[in-house]
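J.: Taking the hints into account, I'd like the entire structure generated from these sequences.
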Amino acid sequence: MGGSQSKYFLLFLFLMFSVGTAHSQCLLSLGGRITDSDTREKLDGASVTIRELALTTTTDTTGEFRFSGLCPGNYTIEITHIDCNPTSFHIHLKEDERHDVQMPHKVGQLAEVMIVSGAKATPPGMAEELKGRALESLKGLSLGEALKQVSGVTALQTGSNIYKPVIHGLHSNRVLILNNGIRQEGQQWGSEHAPEIDPYIANRITVIKGASSIRYGGDAIGGVVLVEPKLLRYVPGVSGEMNAAMFSNNLQGVLSGMLEGNSSRHPAFAWRLQGTAKRGGNAKTPDYWLANSGVSEYNGSATVGWRYQTKGVEAFYSIFNTKLGIFSGAHIGNVTDLINAINSKEPPDYIKNADFSYVIGRPYQQVQHQLGKIKAYLNTGENSRLNLVLSGQYNRRQEYDIVRTSRSSPQLELRLLTAMADLVWDHYAGKYLRGSIGATGMYQQNSYDYRYFIPNYKSWNTGVFAAEKLTWKKWQLEAGVRYDLKGLYQIHDNDQSPFDQLTGNEIAPGIPYGSRNFHGFSGNTGVTWKWTEGLRLSVTIGTAWRSPQINEIYSDGLHHGAARIEKGNLNLQPERANSVLGAVQYSGGGWNVDAGFYLKQITDFIYLKPTYPPELTIRGAFPTFKFEQTDARLTGFDLSASYLFANHFQASTKISILRAWDKKADDWLIQMPPDRGELALEYQFSDSRKWKQSYIRIGGMYVAKQSRVPETGNIEVKHPDGSITMESDYLPPPDAYFLMNIETGTDLVLGGRPVSFILGVTNLLNAKYRDYMNAFRYFSDETGTNISLRVKVPFEFQRKKTS
Amino acid sequence: MKKSFSRLTASVIVAGLVFSSCNKSNDQPGNEEELITTLRVSLYKSGSTTPIVFEFSDPDGSGGNPPVRFDTIKVDAGSSYNCSLQVLDESRTPAVDITPEVVAEGTSHQFYYQPTGVSIIVQNLNTDNKNYPLGNTSTWTTAPATEGFMKITLKHKPGGIKTANDDITIGETDVEVNFPAVVK
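Line by line, the protein sequences give chains V and E. Each residue of the first sequence is one higher than the one before, starting from 6 at the first, in our numbering. Each residue of the second sequence is one higher than the one before, starting from 4 at the first, in our numbering.
The hints are all genuine.
Once the Cα atoms are required to be at most 20 Å apart in a straight line, the calculated EDC-like pairs of lysine to aspartate or glutamate come out as:
{"#": "1", "chain 1": "V", "residue 1": "Lys-631", "chain 2": "V", "residue 2": "Asp-609"}
{"#": "2", "chain 1": "V", "residue 1": "Lys-235", "chain 2": "V", "residue 2": "Glu-801"}
{"#": "3", "chain 1": "E", "residue 1": "Lys-160", "chain 2": "V", "residue 2": "Asp-360"}
{"#": "4", "chain 1": "E", "residue 1": "Lys-160", "chain 2": "V", "residue 2": "Glu-351"}
{"#": "5", "chain 1": "V", "residue 1": "Lys-357", "chain 2": "E", "residue 2": "Asp-169"}
{"#": "6", "chain 1": "V", "residue 1": "Lys-350", "chain 2": "E", "residue 2": "Glu-175"}
{"#": "7", "chain 1": "V", "residue 1": "Lys-773", "chain 2": "V", "residue 2": "Asp-354"}
Everything labelled a hint here was simulated from the structure, so no lab data went into it.
T.: Right, dumping it as structure tokens:
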């Protein structure tokens, strides 16, 4: 791989361009064209401001703007348009310059992003977007790993390739993931079940921390992740892009392509095809390869849409297929094996000596997710729109364990089928009020084969909601309310024997696998005050509830990798989270600050409570955990700030702090992400005619040791001096660690289109460390240095050349 | 066009749902394969053809109900026994004897005997195709009366990691039963 070579080449080029000659006269001009990034329409009437000079102009009907008589220097350009989210960029002006800007569309997203409510969809501070460059530089990673870039978001890891997003310490079914506007209904039960989504579908990933989703269900008490593709192309022509990403650590290659089009003969019809292939081999820690940690993935999607003046319809289908190797050294049979693995501190030689390989053997997971969606809308008058969304999802998860005899069948298979229908009316009442009212329905069924993990079941859910937003002078007031009814029924296992054979004494006689119904309200209200142009303050209070999930009620068995038995609890009731979020957003004078504070009180918080004594099995005794409820308090602080120095330099920092307290036990909650902070320094090069948006950034991340864990538990830990204590974990949390990374990128204009290159190195110093949030921290180190190169080539075919 | 298309896709989605829901394969094996629920120790006192049998049995597998049988191994002092081990899956009816499978895959399995506090000496483990110890049969020699434990472990050592005198830490544990044991 020529990774390091191209790095030096790029560095060399950067150095050349930064040696520019400064003009001393104020004769420069800055112009450009503003287009809607989603619809590609030229935006008329966008307001363009140079903040430092307080100069404002508006675009003409062709979307063009122009300033002249400017002095050389650094400027911040801010652009606003009624249909779009405001955007800004920094520019170092030293010669006449054109800067075309694409603005993300707002109105079309209104319904999709109705979180608290309103068009500025989210309160400041508690929402963070990954888009543009920030998203480009994460391409090729899995969704869960990419989301770690967002402050307050961590990942629950299982080895080197399974990442599950954790928002403010909460995960799995407390985090809602919306894939192209549809609630992702995958196998959320286990911590080793990663979201089944191809991140290449998205041109924007938004994380809404804390606030629950009024539109998609109040159960997301941790947060919401929106994976949004850009809107279809409704201007004539065919265009697309090719993405390639290469990673040195596991010799992973990713290729993703997208093609979309529209013709002038059928201007109302647009289409898009997209596909991704990914193949990675064994990952490497600083000292050894992680045997059997390969990954392969094949994904595709197709979208077609018709759009007319007052109505439109869009159909979307996607398929996601992945095969994930599970590190051989983490496959253990019982507690003795786990203690051996912990005591030896490193994997045994026969695993450590494994070489690089793309072959994925047992144990591995194979997961398929299909999603079909039809969305239709009809404008009901000048200022309102009726949306109907129908969707179906099919998720199949197969887990292949190490077996004695050669078998082709998996040892666990779960099939989850979901159908949903949403009817939503978006309306704008005059200038000040806008909102959504809607109803949703869902039907779901799960079936399994082989090993028992969760029973077969069916479930349904209906909900109604309303959310409104009032904008008045410097104030924004938002409020939303939702009511849900849900039920679980036809719950049974595949065993022919009596029910209590499986769940033992946990089931009271007479009601084995009975139906369960739940209902409840959730609501949010928030106020935002724009103190000055650059300073916004907001406070949001919310209440949300989540019904116990099927695994929390009915799971009963051994988790091999974790060497413990987990037992469901029939008596679980829904948990309720009441939260207060405060946020401050400031921009000005080179500063950009987003700070958010949260306090979340969760009553009847469902968690795994250690029980004693351990349960005896044919593999020896295992510590046993049972799903119980307590009252929890989560408080925390997320900060994301950057400061732009005069000379191209930008310093940025991110800090996340979380305190998770079990109020009943009067102790810390287990398995919560430790505090962390990041610092980065970026140098932004001046654009030249050929090289745009070039930058180089060096950063470091510090993750503290999690010292806040429960004091005692149900796990007997034998110390070197022979004494035995009862701990909450087999191993205390790993030490703090510090990782360095470096990244450089540029857009090289070739044939009028920017070809983007990003070269990055993570874990630059090849640090040896373990992470508390990785379930395999008992068995192996984290991966070492990883050099990546990402290339994006956009292309366009046009019948007639404009201009 | 729009209408006909949406009707078409709608019917495709509905058809897909119907298909998948019909597709429920309840006729497939519903239980975990390769489950071991029972370890049976049969001891033949020298000269005898009727064994004394000791068992650990948890027919519903890990979790669920506690084991239904967990015997104390009782042997006579100053005697010798031929020991034969069996691993069974008693979650099925009739119970499945998994021992032949383990023996057939002998080069990736090994039984270990770890007596503690009890005067039993285990020797003469039978061997696999490569002449490495396998241990589903063995001979036990007892000394004076003592009380303690006899831990019997079955290790799975796939992928050619088994060698002549492997440590018990090599591989993954399939069975680990620490029988209380009495020599009297």
